[in-house]
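Given the coordinates of chain A, assemble chains B, C and D onto it according to the supplied hints.
Sequences listed follow chains A, B, C and D, in order. Using numbering that gives the first Met the number 0, you'd call the opening residue of the first sequence number 0 and step up by one each time. Using numbering that gives the first Met the number 0, you'd call the opening residue of the second sequence number 0 and step up by one each time. Using numbering that gives the first Met the number 0, you'd call the opening residue of the third sequence number 0 and step up by one each time. Using numbering that gives the first Met the number 0, you'd call the opening residue of the fourth sequence number 0 and step up by one each time.
Hints in this document: simulated from the structure, not taken from any laboratory. Just to be clear, a hint being listed does not mean it is correct.
[Said to hold, decoys possible] With the C-beta cut set under 7 Å, the calculated list includes, among others, these residues of chain B facing chain A:
(1) D12
(2) A16
(3) I17
(4) L26
(5) T36
Where a beta carbon is used, it is the ideal one built from N, C-alpha and C, also for glycine.
Number of protein chains: 4
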Amino acid sequence: MEKETGRIEAFSDGVFAIAVTLLVLELHIPELKDGDTPVHLLNALKIQWPGYIAFVISFFSIFIIWVNHHKIFKQIYKRNTGLMFANGFILFLVSLVSYPSALLAKFFLSDSKQLSVTIYTGLFVLINLAFNLLWQQATLDKKLLRPGISDTAIRRLRNNYLYGFPTYLAAFIVSFFYPDLALAVCVLLWVFWAASSKKINFTETPVL
Amino acid sequence: MEKETGRIEAFSDGVFAIAVTLLVLELHIPELKDGDTPVHLLNALKIQWPGYIAFVISFFSIFIIWVNHHKIFKQIYKRNTGLMFANGFILFLVSLVSYPSALLAKFFLSDSKQLSVTIYTGLFVLINLAFNLLWQQATLDKKLLRPGISDTAIRRLRNNYLYGFPTYLAAFIVSFFYPDLALAVCVLLWVFWAASSKKINFTETPVL
Amino acid sequence: MEKETGRIEAFSDGVFAIAVTLLVLELHIPELKDGDTPVHLLNALKIQWPGYIAFVISFFSIFIIWVNHHKIFKQIYKRNTGLMFANGFILFLVSLVSYPSALLAKFFLSDSKQLSVTIYTGLFVLINLAFNLLWQQATLDKKLLRPGISDTAIRRLRNNYLYGFPTYLAAFIVSFFYPDLALAVCVLLWVFWAASSKKINFTETPVL
Amino acid sequence: MEKETGRIEAFSDGVFAIAVTLLVLELHIPELKDGDTPVHLLNALKIQWPGYIAFVISFFSIFIIWVNHHKIFKQIYKRNTGLMFANGFILFLVSLVSYPSALLAKFFLSDSKQLSVTIYTGLFVLINLAFNLLWQQATLDKKLLRPGISDTAIRRLRNNYLYGFPTYLAAFIVSFFYPDLALAVCVLLWVFWAASSKKINFTETPVL
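Only chain A is shown next, with the shape it has when bound in the complex (with noise of 0.2 Å):
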């Protein structure tokens, strides 16, 4: 059977790609005065040390969204309207992201450093939210997965953004009181998703 999701995969791939490389426009070049030296330079970019930060947090946060999404659509074979717009509310909440990650890359060093935390892990919480309802309406109607799929592979998968929603959501809460400790488990939860995404795809469903 031939998978009619190739054009979705395409555009989802546009988007995430356009995401991904556009984060760098945050990051800015330091204006210096006449009689500057190299120094001011220096010191000028490694006051920016938020702003990288930012940048690698959120460049790998939607690698890994990327990831996940290709793993997802591996099992996806055809395509309905509600699974079309469960995917077009993850590209929405992934285009977003340059946003709360300039925010956070601004405010990070200054008295708003917790409410732009916030509104970061906020961002992640829905993005979660939006991966368990894609996973959901995919296997509302079998018809529209990989023939053949078991249904360890689709609980697993399942499982795995679900474990991710609490996680995410604590987080979100944790953002109000330890801002540091948020962003901590964020990037925590990206590497058990860069881990955990080894295991479903070559130990339980087989690849075609």
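Relative to chain A, chains B, C and D alone:
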């Protein structure tokens, strides 16, 4: 018979994906003054609400335009110069969306609200015209279409866009007097298009 | 024989799609002062008309360059280093278009109109040269071409770009004295290319 | 055996295409004062020459990185987590290029010339490291590679990047003392990579 529209679809997908992802660049990071507190940041973010509305409406309108583009090109197998340029006209208008969207975001709370909504709805009248033109070009020479496509399917697709035209035109005219209503009509049309996108694909014309 | 130029075409399509979509970033949202009315906004939008002209000309020129690129690569089945770099040179020039386009938009109503039109037409002379180079690289080794391509088709494609070169060069020279005429020649050349794109594909060389 | 790296290549092509096309945003349109003549505009454009140099070097460096990425992935048929993340690291660095490129453009004529060249060459040391990492991940498990690839071809590809590393490192160290020489070494390395890209593909390993 092989499709020869693959590269047109790939190029179009690229333009749609970029147009939709560039929208985020119109969301601005607030400037705070020394001594400003998180409350100031929160207020500065809240006051930008027309920008968020414009972002949401523009994102999903481009997304639904892409869904419809996808649906039409599933029925087109060959291309000619007329088709290429009707498609180019759609891409031209889609690449423009972020500009009236930014006008809307900036002037929605000002005296120029009506003008910005009129420009915005006017663009969608043109996009609807371009879709009618594309489908007319595709059906002028039935050799361009998917072999075995039924006349009912052709008529349904045409009607889908024909009915859209007077509605968008109405929204455009209404925008001079009741801009909020005009925007609401646009949103409702997308809901209609989203819902109607299902019927033709799965009921009328069997998907290869 | 399988085409091995798929990823070159995909990468090129990406660059064309982005170059064409980034043009909108050169359209600026007017700044109004407190107390400004919709009439001020309308006037501020009207005074930007060279920007709209530059946007339209640049959009459709890149679009037609893409159509021609598409047409050439339908005849190319294998690649070598010379072809890769001739293509890279085209992409380099295409990614540049938005810069002279922005110069044109900004200085068309100033004393620097002639200079900005000269730079703009100069870029298209170079793009034409790059296309000649690409086709020359492709035909140097006939093993790169589509099996069964006729000598007439090869000659026609070459002539298409050869004839373009003196015309663009003429536009470039004319731009020093009559910038409006030079722009008009460029637009007319695109119309010619658009029209001629049909003949070769459908009359001379049967499409696989 | 079917390749299963199609979507990785498509996503990577997207990032490469966007990274290369965004570079033009770092070229700035000069601001003129009332009464300024075309001579002022010409001078303002001329004084930006380091920006043009940075644009050319960065464009072709990303282009050659893409050519090499293409070459490596022609030999890779399966993927695992290590490969995904080595590739992600390359894309991360490539998406960054426009930032040190903009630093170079802005500070090349200032006291901070050496610092900006050092940062710029340092990024290419990292990109070279990432390519070594990718090829090492791909060859750790020979099941990932194209069936029938010869050991000579594997060794040649590895050597290609291994030889690059000490040269880039040398350019990086030299940049502290002779920034112009360091930039020249980078350009020469791209010429070498461009030339060497031919040999392995067409002599050593038959292309499917």
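How the hints compare with the structure:
For D12(B), the interface hint holds, the least distance from its beta-carbon to any beta-carbon of chain A being 5 Å, beneath 7 Å. Annotation: interface hint on A16(B) holds; nearest CB of chain A at approximately 3 Å, less than 7 Å. At about 6 Å, the closest approach between the beta carbon of I17(B) and any beta carbon in chain A falls short of 7 Å, and the interface hint on this residue holds. The interface hint given for L26(B) holds, since its Cβ lies 5 Å from the closest Cβ of chain A, which is under the 7 Å cut-off.
Using the Cβ-Cβ criterion of 7 Å, the hint placing T36(B) at the interface with chain A is satisfied: the shortest such distance is roughly 6 Å.
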